[in-house]
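A.B. asks: Let's have the full structure, built from the sequences with the hints guiding it.
Chain residues, written in single-letter form:
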Amino acid sequence: MAESGVIVPNKVVIIGGSTGSIEVLLQLLPALQSPLAFSVVIVLHRKNTADSTLANLLSLKTAIPVKEVDDKDILQPGHIYLAPADYHLLIELDGSFSLDDSEKVNYSRPSIDVAFESAADVFGPALIGVLLSGANADGTNGLIAIKQAGGQVVVQQPETAQVAFMPQQAILRSQPDYILDVPGLIALLTTGI
Amino acid sequence: MIEEEEVDLLLNDLVDLYGYDFTHYARASLKRRINRLWSLDRFPSFAELRYRVRSDSDYLKRFVEELTVNVTEMFRDPLFYKALRTEVLTALAAKPFIRVWHAGCSTGEEVFSMAILLKEANLLHKSLLYATDLNPEVLEAARNGIFAMGPMKQYSENYILSGGIHDFSIYYTAQYGYVKFDEELTRKMVFSTHNLVSDRSFNEFDLILCRNVLIYFDKALQERVFTLFDESLGPLSFLALGAKETIKFSSIQAKYKQIGSEKLWRKVG
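Sequences listed follow chains W and P, in order.
Residue numbers for the first sequence follow the UniProt record's numbering, so the first one is 1 and each next one is one higher.
Residue numbers for the second sequence follow the UniProt record's numbering, so the first one is 1 and each next one is one higher.
Take the hints with a grain of salt, since some may be wrong.
Claimed, not checked - In silico DSBU-like cross-links for lysine-lysine, where the CA-CA straight-line distance does not exceed 35 Å: (1) W:Lys67 / P:Lys82; (2) P:Lys82 / P:Lys95; (3) P:Lys248 / W:Lys61.
Don't read these hints as lab results, they were simulated from the structure.
C.D. replies: Written out as structure tokens, the structure reads:
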């Protein structure tokens with residue numbers, strides 16, 4: 001299933017998570033080498049505030065540019081993008097981001113499912129979906145869509161997650177390619193996908 | 001899941017049969033809205049969805065209303081409203097008459113927020129708020145000034161954060177899970193259908209608010225709307241956009257100066 005060896009440049013890694021996932025990112029981001037050969041898109045359930053505290057916090061942990069997405073930003077390799085609070089994040093066929101403030105999905109905006117499904121539609125086999133710790137079932141349908149579009153599915157090992165429910169749901173329903181603890185996830189993203 | 005070609009077919013139907021042009025809406029979001037309706041209304045196939053849209057004009061109303069996003073709230077982004085109070089209303093206070101346009105106002109929550117700001121600045125008596133949307137149904141809801149009670153607690157918190165000093169409930173009367181806002185506010189509002197895709201400028205304004213509408217448009221349509229706004233804005237007037245929207249990279253940018261860190265611009269050129 002998995003392509004072995006080096007990371008293909010224009011690959012996209014999309015990471016979703018809720019409660020307990022920021023801690024994982026704070027370990028993962030410092031381990032990523034700059035310049036990054038792929039792009040990373042992060043979709044977290046977060047407090048509904050318009051401030052950029054989270055983007056600032058993440059950018060302290062890496063030399064790779066971290067950008068909270070504005071409407072119509074173009075997704076580029078070597079960048080880390082963060083979904084803004086209170087908007088769904090979608091991706092257009094031309095590689096630009098769209099934001100959407102429609103109804104919450106799984107009680108969440110941004111919804112991980114919405115972002116994952118949209119990314120699966122655009123990137124197909126070039127997409128790796130990663131789902132981390134969290135207390136709700138958002139993300140599982142998104143991972144199923146990624147899998148169906150030929151992408152790869154990675155789920156945090158529930159025993160290592162601060163809240164196991166989100167990864168457990170994903171494991172039950174999405175047939176992950178990898179179930180990894182944090183060091184395993186770091187190894188996957190730094191040495192080959 | 002709907003295919004790209006099927007989206008094209010539906011969008012062409014809407015233009016040909018009804019004159020609604022969604023072809024320059026941001027495609028990813030539009031596609032998701034269509035998928036959502038397909039599953040909500042349980043169409044067994046794309047052909048049946050398309051047939052219903054083409055043949056049932058009552059269903060068309062629902063289709064267009066659900067295709068467009070009508071999620072809105074009062075005093076969303078309280079710091080933006082604070083900037084409206086301190087930067088915009090103070091600058092407009094000396095004018096003999098104040099015209100405001102809410103473009104894409106949906107069910108009107110932002111129009112009522114604005115009317116409250118104007119009232120608290122003692123400017124409502126000489127203001128007129130034009131509120132437009134492409135959906136007649138949402139305008140009807142807005143015109144009534146009746147809203148669900150549920151979100152009022154959140155709105156009240158937003159209002160206080162925006163610099164409001166009153167008890168928010170002085171602006172409405174509550175009954176049976178709903179609230180009705182004072183007619184003093186609605187008296188200064190004019191509701192009308194207007195489609196940003198196809199309709200033209202209809203007046204000159206001191207302030208245009210169009211928040212979280214342009215995110216649903218592609219760049220070409222955004223450019224059209226910016227030109228329309230520019231034609232509708234008088235000298236030293238203001239333009240307000242949503243938190244993630246910008247006039248940067250547009251052709252009108254050079255004539256406008258951003259005020260502070262909020263998505264507020266003043267026409268200086």
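A.B. asks: Holds or violated: Lys248 (chain P) and Lys61 (chain W), Cα atoms, limit 35 Å.
C.D. replies: Holds. Lys248 (chain P) to Lys61 (chain W) sits at ~29 Å (cutoff 35 Å).
A.B. asks: Please verify whether Lys67 (chain W) and Lys82 (chain P) have alpha carbons no more than 35 Å apart.
C.D. replies: Answer holds: Lys67 (chain W) to Lys82 (chain P) is near 26 Å, not above 35 Å.
A.B. asks: For Lys82 (chain P) and Lys95 (chain P), compute the direct alpha-carbon distance and say whether it is at most 35 Å.
C.D. replies: Since the Cα atoms of Lys82 (chain P) and Lys95 (chain P) sit roughly 20 Å apart, the hinted pair holds (cutoff 35 Å).
The structure agrees with every numbered hint stated previously.
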